[in-house]
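Trainee: What follows is the residue order along each chain.
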Amino acid sequence: AQTIHQWPVAEIKAVGSPLSLGCTIKGKSSPNLYWYWQATGGTLQQLFYSITVGQVESVVQLNLSASRPKDDQFILSTEKLLLSHSGFYLCAWNPGDWGAGGQDTQYFGPGTRLLVL
Amino acid sequence: AQSVTQPDARVTVSEGASLQLRCKYSYSATPYLFWYVQYPRQGLQLLLKYYSGDPVVQGVNSFEAEFSKSNSSFHLQKASVHWSDSAVYFCALSMTSGSWQLIFGSGTQLTVMP
Chain S
57 AQTIHQWPVA EIKAVGSPLS LGCTIKGKSS PNLYWYWQAT GGTLQQLFYS ITVGQVESVV
117 QLNLSASRPK DDQFILSTEK LLLSHSGFYL CAWNPGDWGA GGQDTQYFGP GTRLLVL
Chain B
602 AQSVTQPDAR VTVSEGASLQ LRCKYSYSAT PYLFWYVQYP RQGLQLLLKY YSGDPVVQGV
662 NSFEAEFSKS NSSFHLQKAS VHWSDSAVYF CALSMTSGSW QLIFGSGTQL TVMP
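Protein sequences, first through last, are from chains S and B.
Under this note's numbering, the first residue of the first sequence is numbered 57, with each subsequent residue one higher.
Under this note's numbering, the first residue of the second sequence is numbered 602, with each subsequent residue one higher.
Treat the hints with caution; some may be incorrect.
[Claimed, not checked] Below, a list of computed lysine-lysine pairs in the DSS-like style, where the Cα atoms sit at most 25 Å apart:
1) S:126 - S:82
2) B:650 - S:84
3) S:82 - B:650
4) S:136 - S:69
5) B:670 - B:650
6) S:126 - S:84
FYI, nobody ran anything at the bench for these hints, they're computed from the structure.
Next comes chain B alone, as it looks inside the complex (with noise of 0.2 Å):
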């Protein structure tokens, strides 16, 4: 079965360090993967996507991600993080083959230490 799966629950960094969230998917083709924002108290909001092409992956506020098929995995990074990247963050898979779903990972909540 098709799954997505965010290994690291809790992230804690310093403003201004490097950022890196992992994802991990299952799925027998290659998805369409997609990394959301989500503030307290809040809907998500689209960082980025990825379709297909390049593996690398711009989106906003400075975040990119990286697609490889031989990992199976979306690692979402940022250079140098601000304490207003203080969120919850969720990488969903939707399957390429007609399907309706968007299948979530469990999220990572990172901290931003100032």
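The following block holds chain S by itself, in its conformation from the complex (with noise of 0.2 Å):
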């Protein structure tokens, strides 16, 4: 079965400070990855997705990048955080076995609850 990581679990940071989020699957390879947005009681904000090793395609950036070192790891991250990064950031994954895109059922990861101060 597969299983889905995401550290830290929370963090408490300042605003200017760097972060970095980490994202790892286990149990399929070559899934597609992606990275989500959730602001505090609002929906969920697609910002990136990544269907192979070293490649990442932008959805909605915020002031944020991403990164996929191996097949099964992701890593959101920036140099510089604002206020407005504060909320719960989830990755999510699916087969990738659809060919040309990515409809498959999305599976989500337990999510890092970030607060910028």
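Both chains are sitting in their own frames, so use the hints and assemble them into the complex.
Mentor: Written out as structure tokens, the structure reads:
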């Protein structure tokens, strides 16, 4: 069975400080990977997706960047946090077996809660 | 542009009552549709999905949803709710033509009163 882990569970950071959030998928090779951001009490906004190692596409940047250094790992980062970065960050995956698109069901990780002060 | 609308931000029902959470979508073709549930401070869990075929789909925990192309809707239903169903429910749309985006509605906060 596939498992998805996110780290850290929660962070409290200062404005202007750097950030790195991680996501790891176990039990599935070559998954599609996704990053989402959720404001408190809000909906989910897709930020980035990746269909293969080394390739990341931006949907909405929000002054963040993403990288996929390994097949099972997806990193979200920024060099300088803003107050508006506070929220809940969710990583998701789907099998990537649908050829040209990522329409298959996405499965979500437990999320990382970020508070920027 | 594609979109998902959940017109009810909050719904309160009594335990044992029936439930319908509304979802309307905007998309030029037939989309793939999903309902997810989010419990406090947790990630999203898939309840059910519609790809094609029978417009009534069954999901986990006795939830079901009905797809209507004529109404552009995908309403979630449950015959008898339990207090543990209290959560936020999201409807989402995936386009069928090679897009990588999953578009979410704004969510409906469900409170089940004991």
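Trainee: Next step is simple, just say for each hint if it's right about the structure.
Mentor: Verification of the supplied hints:
Between residue 126 of chain S and residue 82 of chain S the alpha-carbon distance is near 12 Å, which keeps this suggested pair within the 25 Å criterion. The suggested pairing of residue 650 of chain B with residue 84 of chain S holds, with an alpha-carbon distance near 21 Å, which does not exceed 25 Å. Between residue 82 of chain S and residue 650 of chain B, the direct Cα distance comes to roughly 23 Å. Compliance with the 25 Å bound is thereby established for this hinted pair. The hinted pair formed by residue 136 of chain S and residue 69 of chain S meets the criterion: a straight-line CA distance of about 10 Å does not exceed 25 Å.
Proposed proximity of residue 670 of chain B and residue 650 of chain B is supported: the alpha carbons are some 15 Å apart, at most 25 Å. Between residue 126 of chain S and residue 84 of chain S, the direct Cα distance comes to roughly 13 Å. Compliance with the 25 Å bound is thereby established for this hinted pair.
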